[in-house]
Every structure is written in structure tokens, then in C-alpha cells.
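Chemist: Both chains come to you apart, so use the hints to assemble them.
Top to bottom, those sequences are chains A and B. Terminal number for the first sequence in the numbering used here: 974, no gaps in between. Terminal number for the second sequence in the numbering used here: 1971, no gaps in between.
Just so you know, these hints were derived from the structure itself, not from any lab. Treat the hints with care, as some may be off.
[Said to hold, decoys possible] Calculated lysine-lysine pairs in the DSSO-like style (CA-CA distance at most 27 Å, straight line):
| no. | chain 1 | residue 1 | chain 2 | residue 2 |
| --- | --- | --- | --- | --- |
| 1 | B | Lys1797 | A | Lys974 |
| 2 | B | Lys1542 | B | Lys1592 |
| 3 | B | Lys1581 | A | Lys795 |
Being a predicted model, the structure only gives us computed values, none of them experimental.
Here is what each chain is made of, one letter per residue.
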Amino acid sequence: MISKRAFVAVLFTAVALLLTPALAPLSAQEPQIPPTNPPAHPPAEPPAGAANGPQPGPAAKPASPGPTQQGAAPGAQTRRNAIGDFLATGPPPDPEAVARGEKLFVTNCAFCHGSNARGGATGPDLVRSVLVLHDEGTGKTIGPVILNGRPDKGMPKFSFTDAQIKDVAAFLRSRNQAAANRMDYKILDINTGDPKAGEAYFTAHCAKCHSPSGDLAHIASKYDAPSLQNKFLYPIEHRYPGMPGPPPDPRAEKTVTVTLPSGESVSGKLDHLDDFSVSLSDASGEYHSWNIDGASGPRIEVHDPLKAHEELLKQYTDADMHNILAYLETLK
Amino acid sequence: MKSNRIFAGALSLSAAAVLIAQGLDPGKLHQPPTDTWPTYNGDYSGRRFSPLKQINAENVRDLALAWVYHADTGPGASPFGNQIKSTPLEVNGVLYFTLPDHAWAVDARTGRELWHFKWETKGGIHIGNRGVGIYGNWVFFETPDDYLISLEKNTGKLRWSVEIADVKQEYFSTPAPLIVGNHVLVGVGGDSLDVPGYLEARDPETGQVQWRFNTEPKPGEPGSETWPNKTSMSHGGGMTWMPGTYDPSMNLLFWGTGNPNPVHAGQGRKGDNLFTCSIVALNPDTGKLVWWFQPSPHDTHDYDDVQTPVLFDADFHGQPRKLLAQGARNGYFFLLDRTTGKNLVTQPFIPLNWSKGVDSRGEPIPNPAKEPKPDGTLVVPASGGATNWPPPSFDPETGLFYLSASYSYSVFYLTDTDENAEGYGGRDSGVWSQSALEAIDYQTGKIRWSHVYPGQGGSISGMLTTAGHLLFSGDPSHNLIAFDPANGKILWHVGLAASLSNGPMTYELDGRQYLIVGAGDMLYAFTLPLNIASQPSSPSGTTATSP
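Isolated chain B (complex conformation) (with noise of 0.2 Å):
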């Protein structure tokens, strides 16, 4: 046994040689994710659903801990902790991953350190890194001072930098830049002083726009008609904090919009001020907007529409769609068709109260009475929302969405009551949450089962489903949490250092399934021991998977 197995890792070594030669294969960028997890979302789809079923529900309760890292930023820590948002990819063996100005190589079998790439900042936010993109053998990322970085993916030396937004003005960056054919997909986000957002394509040898999509319309073009005038639609916010998803059979770009700016402040922007708090379909070789969908018209409570556009095809009412679906910040789950925006599906998943119904486009109607006041409304949800970026799962199997969801209320303040308000205009003051774990018919928006964490703490986790019949997630109190998906059963769990702070991320090296979890500055691996790993297949199908 023990001579097999390193012999089998000789062999492993030589093969990941060659690969690592090559770069990242852009064949893997359209495949499920199996022995490569190549982009945020593993692949394009943003299912963050793994063929994977080495692990699964039967020998879950074995998994058992093969590493840990620690990311040591050094001096200089964020005030409020090192928080790993990223997801790692993993490509060849390693794994790459981010904080705000750092960026690491990790051996994916032994959490072992290749290289590690500080970046010295200039200022901006620094609330968040969601990870890197790679193309070939050039690892990408982006930086709380607006820069978009490129490193030697074997070494970690500094490529090129190129700014991408303007730090004085307040933008700040976080998204993992998105690699589609020759593009690095690079948003920016910031709302501190009223700044336009946009999306743009950079080259990947040189870092130059390839082409810019402007979350505002200017003057007279299509758009234009739902601000009131030029000077509301330059400071409209919009931001594009999150990466997108793509349909390579359809050539399309889906990507989410921020809230409008300025925030809280909406009486100076009536209307519904696209295209913030949409979701577009882009032409990623031309930037060209295809269609839009605004899950928040004329946003005021800070509810980002950068939550995952799922992709994922299946039959709705007994015929096959091209489907895509998002659990918004704003507490509504949202069904569409992808080829055309059309909306098949509005309903919310918690209490809401900030809307009065939905429109014959499947757009929510938002209350003018609970818009910000200077004496206050109170709320549902806070604006931290209903859910936020840590990332949702569509597992085809059981046709459920698993999100997050923040049962939460605030008091909305307006406190610039100018018709010209400046910076949010604004404040809410959150007063209560309870965190629980939704799995929503994507087919009807109702929650097929829910689970409420009895913890105190309204942390949110990011999910992962498995062909293993497996949903990872985390609770507020530091616990790796997998649930049976079919019906939100426990049937394991580990106590961590911190509170699950990314989305969960699997692979398989040598015939070993690891799955990956960020918490605080800490990095776990969990595997199985080897013994069950090379169990065979079970009556109920779910088999080791050999390599």
C-alpha cells in the first residue's frame, strides 16, 4: 500500500510537471470542476456544484483534517482581521489565493508555501478580496488601490501593474478578475463619494482596456430616460464588486450591479436608475449590453445586485430553458430565461417589506414609504441584506438553490436631505438578525426546507454541493457544516478557528478528494483517510472516484 502510493505520487509529479509547463489548459475552464478548479466559481456556470463523490454522505463522518495554513500578513494586519473571501483556484496541484495586497501559491496536497506576493499599497478599503483569475501561466488580481496586478504564476514575480480605477475618488477593488478567451474581466467597486462603476476587458499580456461597459448610461442613450439629468447619472454608483458568470454556447457575459449612489439618498436620482442593481447580459468580446433585468429599481437601501448569476439548464413547467437564477441581496429570488432576460420566477425568501409587489416584468416595486427618512423606517432587510456575496449553490440533483439568508432589521436614515445629497446621503442603524440556511425550488422560489442556526451572530457562509449528495456550508459559530442537500439532514461537522469566511471549494490529486475552506486568516483541508478514500462504490452509487 504504502509503496503504491508513492509510486502513484512519483508518477503524479512528473505528469504535474509537464502541466505546469503548460499553464492553465482553457480546456478546464469549460469543463465541471474535477482534478482543476480553474476560476472563483469553479467553472463558468457559478453552480459551484462538483461531480466529485469520493466524499459523500455515506463516509462524510470520517473526513478528517490533511492541512492547515496560515496567511500571515505580516504587520500592517486589516483593524478587523485577516478575513480569506477568496475562493483558491487550483490549477496543477497548486492553489492560489488572495487577501487585500497579498496573494499566495499553496501546495494543494500539503498546504505547503510556494510564494507568497505582498503588494504595497497605495490606501483604498480594504474590506475584502474575492481571489485570482489565471490565463496560461499569468496569475491576476486586483487591489484596495485600484490596480490590477499579474504575476508569474510559478514564481509569484510581479508582472505588470496597471491602475484600473482611481483610488482619490474613493473606488476600491475586490472581485477575483474572470478569464473568458483573452479577456481579464475586471470590476470595481467604491461608494463613498458617488463615482460611476463599469466593468472593463484588459489584456492579458498587456493589461490594456479591451473594451469598458459602463454600469450609466450617458445622455440619450438607452438608460438615460430613468435618471433625471447628467449630473445624477456621472455619480450613479453601480458598482461591479463581484465576478460574473458566462455561457460559452451563447457567448454571453452575465454580470451583477451594484446599488445606485448616492446611496441612501434617492431624491436626487428619480427613477430607476439603470443599470445599477441589474443584472446584464454582455457580449464579452465587445462589451455590448444584449439585455438587463433590474432586481431593484431605484435602489435606496444599499442592496448590491452583485449576488451570483447561476447558470444552469433544466426544464421549467416540463420544458428545457436555458435558465439563470440569483437569490438577491434584496431578499427576492429571481428566475430567468438567459437568452432573452425573460423572468419566469419573483419571490421573496425572507419577510421582506421595502417593496409593494412586483411588476408585470417580474421586477419588484419598491415602496416610496420605506425609502430612507430623516426620522427613520424600519426595514426588512438590513442593508447588509437578505444575502450578500458570499456565494450560493445549484445542485442539479436535488434542482435545489442553497443561499445564505439574513432574516434582518435596520432603521434608514437620510441625513442629506439636499436635492443634490453628496457621499450615502444616509445611514441605517441594523437591529436584529437570525441566520439560517434556505434551499429554494428554483421552479417556484418557495423554500423547500430551511435551516435556522440557533447561534447568536448573523454571519453568512458561502456554499458547495457535491455528487457526493453533500451541501458545505458554515454556521455563525466557526462550524464546517455538511448537510444531506435533499433535505438539510447534519450528517457532519468540525469546529474551525473562525467562522467560514469563502465559499467552500473541492478537488481531486492522485485519487484523494480535499475540500478547501477559508476561515479568518486560516486555510483547512479536509480529506479522507486513505482507507475509505479507496473504499469502492457503495449500493446506493455513490462511488470513490478513481483517478
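This is chain A alone, in the form it adopts within the complex (with noise of 0.2 Å):
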């Protein structure tokens, strides 16, 4: 039992480098949410490991995610819908509202405030402030301020309608979402590397297995700059039951050989595998399972094609990521 146990111990140790990374964690406290795809972004904590406390998430998605990723355009929108829950910063303000509050504000408040609400020289930010977030995009908060002015402080009245109130507080409310919803972040121009450098880099160690002008042609068309990053970087999506997104791509599907101590051998694709059980979908799609826990207990040998990609995150620097993005983007 014992010397069996210590065979599968081993075994695993083999396998588990072959195996799916899990999800990514997310950031904030715990981690929390569930990752979505590729760039995809939660919050911070993700639920407990696909229930489990701790962990995953995933990362943050990149902003845009871009019509141009396939299949994201519903599942982004779940995913946006159920991470706005999550963050629990309230319903967003009418646009027009605040985009009448924004040139009201532009022409009367930025002199002080700075034309994002941030603060200036003379006034403060009203982005991170108390009595604005107290304010809810409503007026009630601030509108007695605007009305009457803080002339302790330097601050004028203004006479503002209601109507002209509430578009500001819509504006302000915006301001105060845009900065709490990290998952809405754009991510800024991440195509700095040198596309020559990314080229010899991909020749040395990717044109194995891919082909500029085969399967990653056009890739640069087809998913925006921080997709295509987390993409090269390790192509899987990991998410928890329930959340929406593309299919997974055949590629990148482990296979496994489960060999019996009767010497019957099964092959398919993997389905799970941990330290008590494996299982696997044979070519007929027929559904197999087995228990390792018999004195000689199944044989695994499980292969992963994304080993490669395992190899080399753990080898990149971050120049050989720019580089190789770079050269990735020049594939339009």
C-alpha cells in the first residue's frame, strides 16, 4: 500500500508539471471571483478556489476586450454585470446626465478641481471625497455647496439649477466609479518591445509549433494587444463553473493514457485528474473514470501540449514578452 502510494506520489509529481495551471489569482484581498479569460479582470478575491478561498482569479482583463475576441461579446457583458455586483459601487449614472454634468463642470469647477475632478492647485479632489461620495450622484450632498459656496475655503457660489446640480453630481458619480471599478481599467499602450528581437526569439523557440504565416496568421486582427499577451504568454482560460466564454481551443487539450494492472491501456482526453481519481473521454466521447488507490493502481502518463508554454514563462524576461508581442502584432 504503502510503496504504492509513494509510486503515485511520484507519478503526480511528473504529471502535475504537465498539468493546468489554475486559475490566475486576482488581486485584492482574497481572491475572489472567478476568472474569466484571457485578460479578463475580477476582483480581487477569488472565490474560494473554484471554491476555494483564496486564489484565483483572475487577472485583470485587459481593457477592451475587444469585439474581436470570438465570443466574448455576452459572456463580457455577464461577466461585467456580475463583477459590478461584486464591487458593489451602485448603478452608473445616466450617461447624458453626465455628459452634461462634465462640460458644466469643465467650464465652471476645473479651474480649481482639474477637469477630471482630481483637484488642482486651489481645490481638492473631489474624486476620493467623502462628502461627494456621500453625495451618490443625487445633488442633495453637493448641492448646497455649490449653492452657497465655501467662502472660508476660497469657494464661490454658483447658481446652478437643480436640473444643472444633478448633472454635475451625475459626473462626479461617474468619476468615483471610474476610479473604484478596477476591472474597467484601460490598459495603455502596451506595444513597446522590438518586433526584430520578438522575431528571433519566436524563430528560436515557438516556430516549432507555430507559423506566422499558419496558424498565428493574422493573430494581431483577431484578439486586441492584451489578449494576445496573456495569450502567448500561457493560451489556456480558466474559469469557474458557470461563467461564460469561448470553448475551449481542441490545442490545447490535455490527452492521457490510463494503463490498468491488467495491462488494458485507455487513452482520451483528460478530464480530471487528482491525487485519488482519474478521468477521461475516449475518441467515442464514452466518459471513463478509475480510482488510484489499488495496490498497483492505474499507470498515468498524461500529455500536455502547452508544456512548451510552461517552459517558457518560466524562462521570459520581461523585454523577451514586449519583444515577442511586438513581433506578434506585426502578424495584422
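Modeler: As C-alpha cells, then:
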């Protein structure tokens, strides 16, 4: 029993390296939300692991999920709603009111508070202002301040109408929410590398499996840059059950061969593997599973097509990462 | 046999009735947990080591389900499902535990619900709740909308609620209150809008503030030299979102603090940013800072340093020492002398890449090249950390410190390059991770053994060790597992409906030892069949405990 267990453990150690990684962590205190796709983003603590606490999370989603991301649209919306709920930032204000409010703000308030409401030389930041946060876009708290000014601090009165106050309040609310909702932060220009160096790296390390005129032809037209960066770093998307997203790429699927004590051997797509069981779907789609607890438990050999990605991931410098992206971005 | 059992049950019923009338015996807080689990970590030390050994390495294979309780919150559950992250307290035969906005009392022998309290929330991030604190006949817990709630322990009726933070500034509260003397210690959380962190002591009778420790100093105070200006200090973060530990002999409280804010944008807060990402030693009667150690100076990767500061007395290179150990989210294991905060060991437990090394104080030196950048930096570990809040354990019999480790990569992007960045100022995108259980030698920080989980999913789980020579934890594939703490050999497992979502705990009632774990919205209790539980000791010394 013991020796068998030891055998299994050793095998697992080897196998574990082949296995997919897991959900990416999110940020923020505990990880909690399910990860989403490639770039995705959730909040900070993932839900307990796919059930468990800490972990997972995904990560940030690159801004602009882009319409090009296959299948992303409905999923992204659902995800956004779920994440908005999670972050509890409240319903967004009416966009038209925000637009009117911004005009009023820029004209009347920006000189002191900055055009983005972050504050200026003479006026405080309003994005993280306690008074503004308590207003919650209603105008009830900020209205009296606008109408009466703060003479002691040099703020004049503004004779805004109720409607104008509400519009300014809506604008400030949108600024509060934009700062608080990290999921919607726009990722800046990440195409900063040297495409020539990236091409050289690609030729040396990636060309064995990938071709710029084959599977990667026009890849840069299919994904925005942050998605593409995540894809080449490790092209698997982990999702919690029930989270929407495109179907897995069949090229990334692991396969497994399970050899029983009798010598019989079954191969197929790996469904699940842990310390105690293994399961697969064979070529006909039939599901098979085995406990790993016999004295001569099954021998398990996992083939992970993404093994090379994992090995490279552990070698990349940041310059390598930027250069490879720059090269892939040339494949429009 | 049967009649015996009924007789014993009747006896303990009457005994329990007397105890319940008395509430929680404060003396229980100063003893290793046996018939009572009176605080989040079982005792003040944070070791999560139980002296119980009825369930032991020789009979654990016979462990059987005693009961299951489904924590049903009704409509309006959190978008990603309920996760019991709280460690139940067990007092006088009753378990007390929580989900965000909810608290329950459940019979520790049968799993029968005694009461269920629901708080009508005004909002806040419902990411988790670590559980309750109990003082006398009062139960305390915190809510996502930042109230400290006090309930009557025996009925679940609301005594009072007091606001401890402002949800409109994006604070939310998840810790289990820690009771020390007549202080209810409450921490807070919230990173979305750069608010300052603090820890408060509140009066168990009225909820009023006794003292407050601010994570950030005011201008001119010690630590203020580690911030560029007053604005950065007043928006500095450093949340206190996990329960700390306490040494009664020194009357010192040990608390971990969270990351500085803005989380990923460090350009407006150059400096070490004390006392964020720090372990602080406080006087529990005054809140006065006695010493500090900073595991992550100037953090920009969300490496909250709130992992349990675990306290134990042991030899360090031949000399008896009062020690404090922490497996930190940033990937380092730290060992300190807890009388002074002096560092004894700093050693990575995963191959991290955010630091350039360790300085003369034993604090890691962040590598500026790995701070978040507009075009991304590839960093180990990811923002979820090399470990996270799930509680570790220290087993004094093996001398090993056990934690869930996540070897993870993420790309960190700076999205707000303004000198006065706001909110997070950046985001990170997880790439890859792998989960393992690691057993660390506290004297060297070296990994004595590890078990890498082959399954997919990077979840990490809490730990419990016992005098039965057992280590309980969970894998990412929904299994609850008993390991041999000396070598990592798997001795038993059971598949649950979800992965372990809290720290396992244990207690003994009427001569039966129970093991309790939370997995998703289910609470599971395991015990030995009576015929095995009542067997006498084995030659190896793992004896059944008799009441």
C-alpha cells in the first residue's frame, strides 16, 4: 500500500508539471472571483477556489475586450455585470446626465478642481471626497456646497439650477465609479518591444509549433494587445463553472493514457486528475474514470500540449515578453 | 453500550446547561483547544494545533461523516456562490459561524440549527467573512457594510449594531473579531478608493471605541518619513482584514496589515509606506505600537501581509526563544523574535521574482523593475499571492510550519501614470498557477517536504494539525485530506461537494472528537465510529482521549 502510494506520488509530481495551471489569482484582498478569460479581470479575491478561498482569480482584463475576441461579447457583459455587483459600486448614472455634467464641470469647476475632478492647486480632489461619495450622484449633498460656496476656503457660489446640480452630481459619480472599478481600467499601450528581437525569439523558441503564416496568420487582428499577450504567455482560459466564455481551444487539451494492472490501456481527452482519481473521454466521447487506490493502481501518463508554454513562461524576461508581443502585433 | 451512551448524554446535557448560562469561560481562551474552540484560530497563538488525538494516524482511515449542515442564505446570494470562509467557534456544545450578512448557531453534536441571523445590508463587497468572536454571552461579527453586530449568544437576537467604517468610501469588513480581555478587536478592509486602514478596540457592552491604531502615521509621527507627503499617507491603505494573535504572558497583540494604496501605482507614494504590509506588535489595552517588522516595503503587487502571525516558544539554534512565524503572501517565510520584532529567518517558499534580495533587517528589497508598468511586468507571485488568508498551522511535535502555496505568474499593468493616481491605478492579469502544500522548517525556512496537487485550479486551503499526528487540509479538487505531518504521506481523504473553503477545526464532546470543515455553503462534521473511538491506546502512543 505504502509503496504504491509512493509510486503514485512520484508519478504525480511529474504529471503535475504537465498539468494546467490554475486559475489565476486576482488581486485584491482575497481572491474571489472567478477568472475569466484571458485577460479578464475580476476583483480581487477569488472565490474560494473554484471553491476555495483564496485564490484564483483572474486577472485583469485587458481593457477593451474588443469585439474581435471570439465569443466574448455576451460573456463579457455578463461578467461585467457580475463584477459590478461584486464591487458594489452601485448603478451607473445616466450617461447623458454625465455628459452634460462634465461640460458644466469643465466650464465652471475645473479651474480649481481639475478637469478630471482630481483636484488642482486651489481645489481639493473630488473623486475620493467623502462629501461627494456620500452624495452618490443625487446632488443632495453637493447642491448646498455649489449654491452657497465655501467662502472660508475661497470657493464662490454658483447659481446652478437643480437640474444642473444633478448633472454635475452624475458626472462626479461617474468619476467615483471609474476610480473604484478596477475591472474597467483601460490598459495603456503595451506594444513597446522590438519586433525584430521578438521575431528572433519566436524563431528560436516558438517556430517548432507555430507559424506566422499558418496558425498565427492575422493573429493580431483577432485579439487586442493585452489579450494577445496573455494568450502567448499561457493560452488557457480558466473559468469557474457557469462563467461564460468561448469554448476551449482543442489544441490545448491534455490527453492521457491510463494503463490498468491488467495491461489494458485507455487513452483520451483528460477530464480530471487529482491524487485519488483520473477520468477521461475516449475518442467516441464515452466517459471513463478510475480510482487511484489499488495496490497496483493505474499507470497514468499525461500529455500536455502546453508544456512548452509553461517552460518558456518561467524563462521570459520582461523584454522578451514585450518583444514577442511586438512581433505578434506585426501579424495583422 | 447504548444505555451508557444515553446516560452520558444526559449528564453532559445538564453540564452544558450550566455552562451555557455562564457563557464563554474566558479561561478557555488561554488553553489549548479541546472541548472548546473559543476564537478564530482555536487559541491565541494562531498555531491551529489541537492536543486532541482520539482521531489519529492509525484510525483516521475509519473517519466517518457525522452530519452535514447546509448554510442557506435564501435569495440574493452572492454572485459567485456562498463560501464558508469562517472558522466556526465551538462553545458549550454549539458552533457559531458566518457568511457575509449571516450568522448561525448549530448544535456541534448533531448539526441541528439553533438560530440563523440575517443582517439587512446597505451594500459593500461581499467577498467573505471570517467568523465571530464571543465574549460571555455575546456574539460579535462584522458585515460587508461595516457594522459590528452584537447578538445574544443563546438566541441570535440582535443586541446592538455600531458602524465601524464608511461603506460609501468603499470600506468593507471581513475579519472575525478577536476578544482580548474586555476588548473586541475589529479590523477593516477596502482597497477601491484609497482609504486609510485601522484597527479598533471596542467595548463589548456598548460597541464604543476604546482605542484606534491607524495603519498610517500622521505627519511628523514615526513612520511618516516613509511617505512623501500628507496626501499619500491619508490615502495609504493598510487594511487589517484578518484576525491577529495575542501573547498573554507579554500582553502583546500581533497584527498583519494589508497593502498600501493605490494598490498598483507606487509613483505617488515613494518610500517604504509604513505601517502597510507590516506585522505590528500592539499593547491591547492602549493600541500603542511596541515594534514593527515590514515584510513588503513599498508594495505594488497587492501582497497584503495579513497572514496569521503564528506564535510559539521553541529553540532557535539551541536557544529557547519566543518566536513569531509568518508565511507571507509575497512568497517569503519570516521568523521573528516576538519580544523585539528582530528578524531571525527570511526565506522564499516559492521562486518569486519581485525582490532583489533581503536587507540587513531581514526585510525584502523590492525590485523597481518589477513594479507594474504600462506595458506590463511578469511577476511571481500573482496578486493573489504565494499564499493568502487561509490559515496556516504550526505543529510543535514536528517543528514544521504548514501552508498552502501558490506558484503563480501574473502580468502587472500600471494604468494610471498620474503622480496622484487613484483607485488601484493598475491591474493584473493572471497567467498560470500551481498549488501545493508546503512543510517549512521554522529554523531555516527551508521546505522539508511539499505536495504538489496535480489537479487543475489553483485554490488554496487552510490547515489544522493535531496531536494525533495528523495534518488536515484540502486540495483544489474538492478533497479533504489527512496527511502525515512528518512526511506528507496521504493517510485518508474524502471528496466533498466543493473545495475546502475555510480552516478545519476540531473539538471533543462526550468523549468523541469531531473534525469540522466548510466547503462552499456546506459545513461537514466527521468523527470516528463509536467502537473505534472508544478503543484504547495504541503502542505508538496515539491514544484515544477520554473525557
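Chemist: Which constraints among the numbered hints does this structure fail? Numbers only, ascending.
Modeler: Result: hint 3 breaks, nothing else.
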